[in-house]
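Asks: Please construct the entire structure, taking both the sequences and the accompanying hints into account.
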Amino acid sequence: MGGMRQAISQVPRARANPYNARITLEPWMSTTRYSVAQLAERFALEFRGDGTRVIDGVGTLAGAGPSQLSFLSNSKYAGQLAATHAGVVVLNREAAENCPTAALIARDPYVAYAHIAALFERLPAATPGAHPSAVIAPSARVSPSASVGPHCVIEEGAVVEEGAVLGSHCIIGQDCVVGAQSRLVARVTLVKRVTLGKRVLVHPGAVIGSDGFGLAFDRDHWVKLPQLGGVRIGDDCEIGANTTIDCGALEDTVLEEDVRLDNQIQIAHNVYIGAHTAMAGCAAVAGSAKIGRYCMIGGNAGVLGHLEVADRVTITAKSLVTHSIREAGEYSSGVPLQENRQWRRNAARFKHLDEYARRLSALEKDKK
Amino acid sequence: MGGMRQAISQVPRARANPYNARITLEPWMSTTRYSVAQLAERFALEFRGDGTRVIDGVGTLAGAGPSQLSFLSNSKYAGQLAATHAGVVVLNREAAENCPTAALIARDPYVAYAHIAALFERLPAATPGAHPSAVIAPSARVSPSASVGPHCVIEEGAVVEEGAVLGSHCIIGQDCVVGAQSRLVARVTLVKRVTLGKRVLVHPGAVIGSDGFGLAFDRDHWVKLPQLGGVRIGDDCEIGANTTIDCGALEDTVLEEDVRLDNQIQIAHNVYIGAHTAMAGCAAVAGSAKIGRYCMIGGNAGVLGHLEVADRVTITAKSLVTHSIREAGEYSSGVPLQENRQWRRNAARFKHLDEYARRLSALEKDKK
Amino acid sequence: MGGMRQAISQVPRARANPYNARITLEPWMSTTRYSVAQLAERFALEFRGDGTRVIDGVGTLAGAGPSQLSFLSNSKYAGQLAATHAGVVVLNREAAENCPTAALIARDPYVAYAHIAALFERLPAATPGAHPSAVIAPSARVSPSASVGPHCVIEEGAVVEEGAVLGSHCIIGQDCVVGAQSRLVARVTLVKRVTLGKRVLVHPGAVIGSDGFGLAFDRDHWVKLPQLGGVRIGDDCEIGANTTIDCGALEDTVLEEDVRLDNQIQIAHNVYIGAHTAMAGCAAVAGSAKIGRYCMIGGNAGVLGHLEVADRVTITAKSLVTHSIREAGEYSSGVPLQENRQWRRNAARFKHLDEYARRLSALEKDKK
Numbered sequence: 592m593g594g595m596r597q598a599i600s601q602v603p604r605a606r607a608n609p610y611n612a613r614i615t616l617e618p619w620m621s622t623t624r625y626s627v628a629q630l631a632e633r634f635a636l637e638f639r640g641d642g643t644r645v646i647d648g649v650g651t652l653a654g655a656g657p658s659q660l661s662f663l664s665n666s667k668y669a670g671q672l673a674a675t676h677a678g679v680v681v682l683n684r685e686a687a688e689n690c691p692t693a694a695l696i697a698r699d700p701y702v703a704y705a706h707i708a709a710l711f712e713r714l715p716a717a718t719p720g721a722h723p724s725a726v727i728a729p730s731a732r733v734s735p736s737a738s739v740g741p742h743c744v745i746e747e748g749a750v751v752e753e754g755a756v757l758g759s760h761c762i763i764g765q766d767c768v769v770g771a772q773s774r775l776v777a778r779v780t781l782v783k784r785v786t787l788g789k790r791v792l793v794h795p796g797a798v799i800g801s802d803g804f805g806l807a808f809d810r811d812h813w814v815k816l817p818q819l820g821g822v823r824i825g826d827d828c829e830i831g832a833n834t835t836i837d838c839g840a841l842e843d844t845v846l847e848e849d850v851r852l853d854n855q856i857q858i859a860h861n862v863y864i865g866a867h868t869a870m871a872g873c874a875a876v877a878g879s880a881k882i883g884r885y886c887m888i889g890g891n892a893g894v895l896g897h898l899e900v901a902d903r904v905t906i907t908a909k910s911l912v913t914h915s916i917r918e919a920g921e922y923s924s925g926v927p928l929q930e931n932r933q934w935r936r937n938a939a940r941f942k943h944l945d946e947y948a949r950r951l952s953a954l955e956k957d958k959k
Numbered sequence: 592m593g594g595m596r597q598a599i600s601q602v603p604r605a606r607a608n609p610y611n612a613r614i615t616l617e618p619w620m621s622t623t624r625y626s627v628a629q630l631a632e633r634f635a636l637e638f639r640g641d642g643t644r645v646i647d648g649v650g651t652l653a654g655a656g657p658s659q660l661s662f663l664s665n666s667k668y669a670g671q672l673a674a675t676h677a678g679v680v681v682l683n684r685e686a687a688e689n690c691p692t693a694a695l696i697a698r699d700p701y702v703a704y705a706h707i708a709a710l711f712e713r714l715p716a717a718t719p720g721a722h723p724s725a726v727i728a729p730s731a732r733v734s735p736s737a738s739v740g741p742h743c744v745i746e747e748g749a750v751v752e753e754g755a756v757l758g759s760h761c762i763i764g765q766d767c768v769v770g771a772q773s774r775l776v777a778r779v780t781l782v783k784r785v786t787l788g789k790r791v792l793v794h795p796g797a798v799i800g801s802d803g804f805g806l807a808f809d810r811d812h813w814v815k816l817p818q819l820g821g822v823r824i825g826d827d828c829e830i831g832a833n834t835t836i837d838c839g840a841l842e843d844t845v846l847e848e849d850v851r852l853d854n855q856i857q858i859a860h861n862v863y864i865g866a867h868t869a870m871a872g873c874a875a876v877a878g879s880a881k882i883g884r885y886c887m888i889g890g891n892a893g894v895l896g897h898l899e900v901a902d903r904v905t906i907t908a909k910s911l912v913t914h915s916i917r918e919a920g921e922y923s924s925g926v927p928l929q930e931n932r933q934w935r936r937n938a939a940r941f942k943h944l945d946e947y948a949r950r951l952s953a954l955e956k957d958k959k
Numbered sequence: 592m593g594g595m596r597q598a599i600s601q602v603p604r605a606r607a608n609p610y611n612a613r614i615t616l617e618p619w620m621s622t623t624r625y626s627v628a629q630l631a632e633r634f635a636l637e638f639r640g641d642g643t644r645v646i647d648g649v650g651t652l653a654g655a656g657p658s659q660l661s662f663l664s665n666s667k668y669a670g671q672l673a674a675t676h677a678g679v680v681v682l683n684r685e686a687a688e689n690c691p692t693a694a695l696i697a698r699d700p701y702v703a704y705a706h707i708a709a710l711f712e713r714l715p716a717a718t719p720g721a722h723p724s725a726v727i728a729p730s731a732r733v734s735p736s737a738s739v740g741p742h743c744v745i746e747e748g749a750v751v752e753e754g755a756v757l758g759s760h761c762i763i764g765q766d767c768v769v770g771a772q773s774r775l776v777a778r779v780t781l782v783k784r785v786t787l788g789k790r791v792l793v794h795p796g797a798v799i800g801s802d803g804f805g806l807a808f809d810r811d812h813w814v815k816l817p818q819l820g821g822v823r824i825g826d827d828c829e830i831g832a833n834t835t836i837d838c839g840a841l842e843d844t845v846l847e848e849d850v851r852l853d854n855q856i857q858i859a860h861n862v863y864i865g866a867h868t869a870m871a872g873c874a875a876v877a878g879s880a881k882i883g884r885y886c887m888i889g890g891n892a893g894v895l896g897h898l899e900v901a902d903r904v905t906i907t908a909k910s911l912v913t914h915s916i917r918e919a920g921e922y923s924s925g926v927p928l929q930e931n932r933q934w935r936r937n938a939a940r941f942k943h944l945d946e947y948a949r950r951l952s953a954l955e956k957d958k959k
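Residue numbers (our numbering), protein chains in the order written: chain A, 592 to 959; chain B, 592 to 959; chain C, 592 to 959.
Hints should not be assumed to be uniformly reliable.
The list treats identical chains as interchangeable, and a pair is accepted whether it falls inside one copy or across any two copies.
[What the hints assert, rightly or not] Derived DSS-like pairs (lysine-lysine); straight-line CA-CA distance at most 27 Å:
id	residue 1	residue 2
1	942	881
2	956	667
3	942	956
4	881	789
5	881	667
6	956	789
Rather than coming from a laboratory, the hints here were simulated on the basis of the structure.
Replies: In structure tokens form, the structure reads like this:
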């Protein structure tokens, strides 16, 4: 759902009874509108061209119309600039030379666009108070300014802080804390001993605080290790749809601030993830691994348990980290995609790679 | 839950009050029965043997009894035909020569079996109307012939078309559309701006229309890119359990008609998937990738962002597509499974493959 | 949530009305306390040191305080023993020589710790009866000793046996059975024809009994194969968060007893998993594969369809099983992680591995 900024021109419709029988969420009723000059002032950008032009939305260079703002940050799309019908384009000073319409000049057009676009996001209004179908334990503390959607369940000892928004079907388990201004879009489960910082955004289907996978093998069967820790998630983190984060076995699983997790990521018990690290969809981190700050973990990449990964490490998609990484840099594993018949021939040879290396050495020795 | 066909002999039990306090779904109360001759006529198949035999279910060649229909489509199972106790077997003309029981002869026995078996599926009845525990926004439009299960939430501006079935705990977010005759089995979340075509089948835990993973790095922290597009899903698509499909950043994420997604698949923002493409469990497609028609993507295979994959491409399980594919065909990556000690030796050599290739070239050069 | 054992000293607070409007779950109100001597007697362990010391919790060697129990099972942590502040440590006879505090001596300290720690797990109390917001079909049978949480839905013909606990938002589909003392933590969906044995533990977001992915290709489009089987899960199994297990096409998908599945695992239709097999997060097993007993499947490993894997096979993380495995042992695939530029050079050479092998053979032939 994204940024928490609210446009000053957005006015939620007043309602006498925000939660009558069949109302859930109330959309913004007005449309956001800014002139190009207003945008320039608000975001401290220089503008060129018609500052009075009114902008009410955003679009791609190819798709935006005269009342929409677009951006150019990737030179790959520079060819589309000449033909754009956008009302205004965010771009850097050099590209602005060739801009056929109004321009907003930014050092980093992508970042500037991200800030501006948040103005035009139509977030569902979050009416303070709890929907009557929500089930809230007596010992739970819910801020009067928080919004609790239909069919939510808030268990004993849980805390929902000011301005937090729980969409439909969220479960806030025993002793969990939802920090101020956090937004659980819908159907999020905080199982137990989970603390979310401020402005945390969690997408549907995420499960945080489920049991870690801890087992001891007792002769002929498994014995479960109770998972007695919790999960601590820092301010400004984002957790994707159907992502799972297990509670720690004894101490907590931790995400520092501004960690960004895409969908279907699995974070095992006692993992520690440094601030500003981002992981793409389907990545997985095994128990007690410690990931540094400002790391980028590619889609479906994996990190084995008990390893350490330094700050500013990039792991490319589908790679498996099998040893600790001590130095910043980019790391990969895997083999290239090939047409299947060619691939089969090469893959079959892989099974003999050690033998080939020995034979190569033997030939070299013979030669001498 | 499968096909939407209803057997003419299935008669739901009449009920005065379909949604009294504790009723959710009403099962079919009668049993489906067809004679072999009726099946032959209904599906335009030739039959051999006793056409009056009554069939009330389906089973495997090894497991079916005299009132059950089985099929033989894979020659691997031909040896089981002689000993089958099935009442009738669907098979091709050649195999029918050796069939010890009644036979239904089909050009493609697997397809014919799929159609026939749908007759015997006992789908939960879908009583029109909404369960009293459902929460429906005033501006939502729900067809009187649609069925809305317990604890569903339908938000402002959403539309549920005729004959659509929402099982328990579905959330239909703002401005989403559920097309006619679509079935959301249970606990499906359409977050926002999602349009499902007709006869779309969505399994539990699926999340459609969650935010795409779009971030801009601003010096020392992430800024979220608002995800302002939607998701459009064509007619006859099927979406597996716990699969996630993100909304587009500016334009829509699109699945054309008859796309079939298995469980736990991740489809990122602005992906475009052509008609009749099927993906097996745990596959993942990164942002803005464009997959052709009639593709088959294997289990846990991945496609990197912004790539294009032509029509009729097959990707084998766990492969990673790292470049665009322009030609139909089968593509793979990965190395073969080996006993661990052997594998370790070969894998260690992989780290020096470039060096070996150079040494090989040097030897060849020396020889000349 | 873990072990089902209850400490004798735990006394749930009596309540007149266990489910008044806003109560969901009632926490244990007393604290669990045992003396070291009591623990020794209860678990048949020898103790050394002060048997009267009172223990009320568990912790790591580094983190535990004087009223907490810790353990030493991995010699890697032996260095922490001397400095521990734990009240008592579970360890083996040899390590006990150097224990600076009370000691509980166990043949397998990890297993002994697992049993002891379960005493100190604070499970939410499970009040018998159904929360008023639960929707239960008239033909469902729910044991009076079972606990049904807020917003659960129990469909026609379903059975919930004695002492079973359904947390909030569980859906028990038509004809499903939840065995005695099983615990569905929250938001678990049993779709249809699912039978759970006794003491099965299922974590949030799991979907069991969803349709298998069965399709027949009919000239130019897909035809769905109805999925008419069920799922049978044995006693003492554990199913992780957001894990999916499909129902069988004709016969059942089966997990024998004490199978342990971590989070986000995908089990396709008609898979059969032998007793005591454990799988780590994000593993996936394709249709009709048969996995033996006492296997260990690593994180994100995959098993292709229709294969057989013998008893006591270990598959390392991210490996793909592409052929049946007939012998116990450890198996792997994949290539090692490297710094990206080095990796690129080696990976590019992989595309020519077959050619290199031929050139190597040619050189050897020349030499003779």
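Asks: A separate judgement is required for each hint: does it hold in the structure or not?
Replies: Hints and how they fare:
no., hint, in the structure
1, 942 <-> 881, "between (33 Å within a copy, 25 Å between copies)"
2, 956 <-> 667, "neither (51 Å within a copy, 42 Å between copies)"
3, 942 <-> 956, "both (24 Å within a copy, 22 Å between copies)"
4, 881 <-> 789, "within (23 Å within a copy, 37 Å between copies)"
5, 881 <-> 667, "between (36 Å within a copy, 17 Å between copies)"
6, 956 <-> 789, "neither (66 Å within a copy, 66 Å between copies)"
When held up to the earlier numbered hints, the structure conflicts with 2 and 6 and fits the remainder.
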